[in-house]
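Protein chains: 4
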Amino acid sequence: MFTIADKVFGSRLLTGTGKFNSAGQMEAALLASGSELVTVALKRVDLKGQDDDILSHLRHSHISLLPNTSGVRNAKEAVFAAQLAREALETNWLKLEIHPDPKYLMPDPIETLKATEELAKLGFIVLPYIHADPVLCKRLEDAGTAAVMPLGSAIGSNKGLKTIDFLEMIISQSNVPVIIDAGIGAPSDAAKAMEIGADAVLVNTAIAVSGDPARMAEAFKIAVIAGRMAFEAKLGSISSLAAASSPLTSFLDD
Amino acid sequence: MFTIADKVFGSRLLTGTGKFNSAGQMEAALLASGSELVTVALKRVDLKGQDDDILSHLRHSHISLLPNTSGVRNAKEAVFAAQLAREALETNWLKLEIHPDPKYLMPDPIETLKATEELAKLGFIVLPYIHADPVLCKRLEDAGTAAVMPLGSAIGSNKGLKTIDFLEMIISQSNVPVIIDAGIGAPSDAAKAMEIGADAVLVNTAIAVSGDPARMAEAFKIAVIAGRMAFEAKLGSISSLAAASSPLTSFLDD
Amino acid sequence: MFTIADKVFGSRLLTGTGKFNSAGQMEAALLASGSELVTVALKRVDLKGQDDDILSHLRHSHISLLPNTSGVRNAKEAVFAAQLAREALETNWLKLEIHPDPKYLMPDPIETLKATEELAKLGFIVLPYIHADPVLCKRLEDAGTAAVMPLGSAIGSNKGLKTIDFLEMIISQSNVPVIIDAGIGAPSDAAKAMEIGADAVLVNTAIAVSGDPARMAEAFKIAVIAGRMAFEAKLGSISSLAAASSPLTSFLDD
Amino acid sequence: MFTIADKVFGSRLLTGTGKFNSAGQMEAALLASGSELVTVALKRVDLKGQDDDILSHLRHSHISLLPNTSGVRNAKEAVFAAQLAREALETNWLKLEIHPDPKYLMPDPIETLKATEELAKLGFIVLPYIHADPVLCKRLEDAGTAAVMPLGSAIGSNKGLKTIDFLEMIISQSNVPVIIDAGIGAPSDAAKAMEIGADAVLVNTAIAVSGDPARMAEAFKIAVIAGRMAFEAKLGSISSLAAASSPLTSFLDD
Numbered sequence: 001m002f003t004i005a006d007k008v009f010g011s012r013l014l015t016g017t018g019k020f021n022s023a024g025q026m027e028a029a030l031l032a033s034g035s036e037l038v039t040v041a042l043k044r045v046d047l048k049g050q051d052d053d054i055l056s057h058l059r060h061s062h063i064s065l066l067p068n069t070s071g072v073r074n075a076k077e078a079v080f081a082a083q084l085a086r087e088a089l090e091t092n093w094l095k096l097e098i099h100p101d102p103k104y105l106m107p108d109p110i111e112t113l114k115a116t117e118e119l120a121k122l123g124f125i126v127l128p129y130i131h132a133d134p135v136l137c138k139r140l141e142d143a144g145t146a147a148v149m150p151l152g153s154a155i156g157s158n159k160g161l162k163t164i165d166f167l168e169m170i171i172s173q174s175n176v177p178v179i180i181d182a183g184i185g186a187p188s189d190a191a192k193a194m195e196i197g198a199d200a201v202l203v204n205t206a207i208a209v210s211g212d213p214a215r216m217a218e219a220f221k222i223a224v225i226a227g228r229m230a231f232e233a234k235l236g237s238i239s240s241l242a243a244a245s246s247p248l249t250s251f252l253d254d
Numbered sequence: 001m002f003t004i005a006d007k008v009f010g011s012r013l014l015t016g017t018g019k020f021n022s023a024g025q026m027e028a029a030l031l032a033s034g035s036e037l038v039t040v041a042l043k044r045v046d047l048k049g050q051d052d053d054i055l056s057h058l059r060h061s062h063i064s065l066l067p068n069t070s071g072v073r074n075a076k077e078a079v080f081a082a083q084l085a086r087e088a089l090e091t092n093w094l095k096l097e098i099h100p101d102p103k104y105l106m107p108d109p110i111e112t113l114k115a116t117e118e119l120a121k122l123g124f125i126v127l128p129y130i131h132a133d134p135v136l137c138k139r140l141e142d143a144g145t146a147a148v149m150p151l152g153s154a155i156g157s158n159k160g161l162k163t164i165d166f167l168e169m170i171i172s173q174s175n176v177p178v179i180i181d182a183g184i185g186a187p188s189d190a191a192k193a194m195e196i197g198a199d200a201v202l203v204n205t206a207i208a209v210s211g212d213p214a215r216m217a218e219a220f221k222i223a224v225i226a227g228r229m230a231f232e233a234k235l236g237s238i239s240s241l242a243a244a245s246s247p248l249t250s251f252l253d254d
Numbered sequence: 001m002f003t004i005a006d007k008v009f010g011s012r013l014l015t016g017t018g019k020f021n022s023a024g025q026m027e028a029a030l031l032a033s034g035s036e037l038v039t040v041a042l043k044r045v046d047l048k049g050q051d052d053d054i055l056s057h058l059r060h061s062h063i064s065l066l067p068n069t070s071g072v073r074n075a076k077e078a079v080f081a082a083q084l085a086r087e088a089l090e091t092n093w094l095k096l097e098i099h100p101d102p103k104y105l106m107p108d109p110i111e112t113l114k115a116t117e118e119l120a121k122l123g124f125i126v127l128p129y130i131h132a133d134p135v136l137c138k139r140l141e142d143a144g145t146a147a148v149m150p151l152g153s154a155i156g157s158n159k160g161l162k163t164i165d166f167l168e169m170i171i172s173q174s175n176v177p178v179i180i181d182a183g184i185g186a187p188s189d190a191a192k193a194m195e196i197g198a199d200a201v202l203v204n205t206a207i208a209v210s211g212d213p214a215r216m217a218e219a220f221k222i223a224v225i226a227g228r229m230a231f232e233a234k235l236g237s238i239s240s241l242a243a244a245s246s247p248l249t250s251f252l253d254d
Numbered sequence: 001m002f003t004i005a006d007k008v009f010g011s012r013l014l015t016g017t018g019k020f021n022s023a024g025q026m027e028a029a030l031l032a033s034g035s036e037l038v039t040v041a042l043k044r045v046d047l048k049g050q051d052d053d054i055l056s057h058l059r060h061s062h063i064s065l066l067p068n069t070s071g072v073r074n075a076k077e078a079v080f081a082a083q084l085a086r087e088a089l090e091t092n093w094l095k096l097e098i099h100p101d102p103k104y105l106m107p108d109p110i111e112t113l114k115a116t117e118e119l120a121k122l123g124f125i126v127l128p129y130i131h132a133d134p135v136l137c138k139r140l141e142d143a144g145t146a147a148v149m150p151l152g153s154a155i156g157s158n159k160g161l162k163t164i165d166f167l168e169m170i171i172s173q174s175n176v177p178v179i180i181d182a183g184i185g186a187p188s189d190a191a192k193a194m195e196i197g198a199d200a201v202l203v204n205t206a207i208a209v210s211g212d213p214a215r216m217a218e219a220f221k222i223a224v225i226a227g228r229m230a231f232e233a234k235l236g237s238i239s240s241l242a243a244a245s246s247p248l249t250s251f252l253d254d
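Line by line, the protein sequences are chains A, B, C and D. Counted the way my numbering counts, the first sequence spans residues 1 to 254. Counted the way my numbering counts, the second sequence spans residues 1 to 254. Counted the way my numbering counts, the third sequence spans residues 1 to 254. Counted the way my numbering counts, the fourth sequence spans residues 1 to 254.
Note that these hints are calculated values from the structure, not bench results. Note that this is a predicted model, so its numbers are computed, not measured.
Only some residues are given here: those of chain B computed to face chain D with a beta carbon under 10 Å:
no.	residue
1	Pro134
2	Lys138
3	Lys162
4	Ile164
Stretches of chain D that chain B covers, calculated by requiring three or more beta carbons in the stretch to come under 8 Å of a beta carbon on chain B:
no.	stretch
5	95–101
6	106–117
7	133–144
8	147–161
Every residue, glycine too, gets a C-beta built ideally from N, C-alpha and C.
The following block holds chain A by itself, in its conformation from the complex (with noise of 0.2 Å):
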């Protein structure tokens, strides 16, 4: 169990509903995952109606939604896009997104300061995509952030924890979550990455694009658990030398 604002979550895999072939496949990976809080592109919602196709398959108890700003190109489209988000999904959650940069979509560290700190004033609960800059999440904390969300490797990449060091300084120095969103490809990376300390992961493309989605969500949901267990668990140090699990002594010696 961890809590993010004063809401608790049972799962610490958080998934997205992009990518996916149809809306039906959507909802069978999700409910695998045992996510309990989705991801879901403002743009891609109908904000005026009442019956969206995707909001449709995303009404499940336990799943809260958690709208993002995809699109959006500096913190003014971001505020806006916001307040928009919250009259029509009635919630004040945000997962803030701004990547002005077309071709490796990564996170602008100025516009999303700039937003969070406005929209923790506009009494939202922020989760903004970050690269994983250490001194970045310290200022978005003093910012009012509900948590902080370092990417692992690029959007859509697959690549897995490539930014481990400067993930492992965020984690140990964070007085919120931390939860480790963009490039997680494998069942491993998210265990890696709960192994390390994070509090959760945020994980899309890995599951959509993947054969089976609804196999792949329930691999990922395990997968964080087997990762969170061990941090727990404390794992061993490595070494550079061996040392070997059974005794060395010369069988035939005695």
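Given the coordinates of chain A, work out where chains B, C and D should sit on it, guided by the hints.
Relative to the frame of chain A, chains B, C and D by itself:
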């Protein structure tokens, strides 16, 4: 489920019995691991008596013993040890370990192949511990090995899958089960081994030296399941460029 | 040859002056490095006097000083320090370092951007030390930076290019020189930085703490040349499969 | 300077003759590399004639030929090929390559040891190409090998030093020169190999397939020198925490 020789196993996690603080702690961890094949060093077994302390903790109907030859220095000693083990423990299964090097405990390819040939002829089910050497693996197949057990990194180092490129070669070519042995230091390593298609993993040090062996054993148990599930569900490819999981058309454009 | 602002440099190796055992050892290493741009911490310079010991060892016609602001905690302090430096050292070049974090010494993206904007307006040639953040690099360009100095890994860690994926993004997009700073621990790291297309590298700790700083400085000097040469000659691609460099038709077939 | 058998070499860069576009391009690259020991596949040499095209480009007083047995599949073929080579090329030096595997071209440890034993008895100076197997290296020493040539990664892959942990074991234990062979894809890889204490490296593909082989050969030449120099000057240790090279007392405190 997977099969070694003609025996079917439900669990793909093999465990070892070394380095635990007590026999009770060991037993609890082995039970938590769900492991059905457990290595025990011949040196530690009282081959003459019936009431050996270690063995008494391994008497569970779902657990088969896999005696290992740790401590032997060449094929001749290995064959002799194997014969003693078969008589005392009433099993013809054998984990063949020949590592004459006292510092890094790396296995000897020449003596291991030689011993495998002889032991297979003598009716043993041989599971040799080896470097991640693709050609050696094929030669062991020709010699009648029941499986191959290439190392991930040095025994007891907890360094993980340093040999991954070679493990992938071995897996792609093998006609016998590939069980990754040595160096697996965390559940994420075990999950990764399964994701690349290993049939099973053997873990000992990482469980025994953790802060809570029984809990760590459970973490490995489910990480192995997660990794296998991901292998079967097929992971997406890794790309160098980012690819958004949320739509990127500008939020306010339309 | 490469250019920062309007100044042409023959050497792509920048060096620092910290951590040497003596000023004489430092001078010998700097001369062996061939470096033409050498950072010196403002804190270590006697800004009032003329006969500062460190400076006396840096008076060589081919060496330009690059004062750094190590120790400042925000943009305001940085601008004040820069103005003192300009007056005392008679240079408007400045390595901007703002790292409020005492443990990991990671740079502050927000204050660094703010200080860069102000200092560029005040006529400084600003070279900011930053995390390997592609979006921040573009914003620094807009703010008038003369170059960007993203880190390879934590200062003084000798861990090498842990941020390589992000450095490649930065290099592919930058309109100003990219100088890899911090973490370069060996000549092979410096060569690698040049191979991926960095314009230059800054090395200090790895030279100063080595067993023989002057010889290590020379090793870095030529490694940087080798890496640049390889970049210009274009490296072959990396492949997953083996490909023999010798013919593989069987020797005895014909 | 380093010594193999009783021969002293000034250059620690060995090169190969495969994959070049033309013999002229090859010759220019070999000269630029400064290499004094150059492998040539027996298959490519006209063993009967005097005016073989490749050989005519290798007739330089500072270059010794190192015939390789690429294409042989076992010890018997290797011995036969070696004897032909000795007669035709008037050298008893031999790079022993036995890789029966057509896909990954990994060397055969068993046949390589067997051939080394026989060839050493026949008076050959044997340099066997092997996996990075520490125990095999010691056995080859016992068999009379003149050097060991463990691989960094698969032949022609340009993947670099994937076996680095095992190379370090080999170097720490070896009584004969260790020459890292196969997989070195960039000057930074060659520098790294030298930094960990290898005696020499062999590079072929990375030079031959580059955009400018002669220039790339020169880059490798100086990278090898840089790496060796760094090894001799002793690199500083790698640490997990940052450590400033500039003083960190706050700039404005005093």
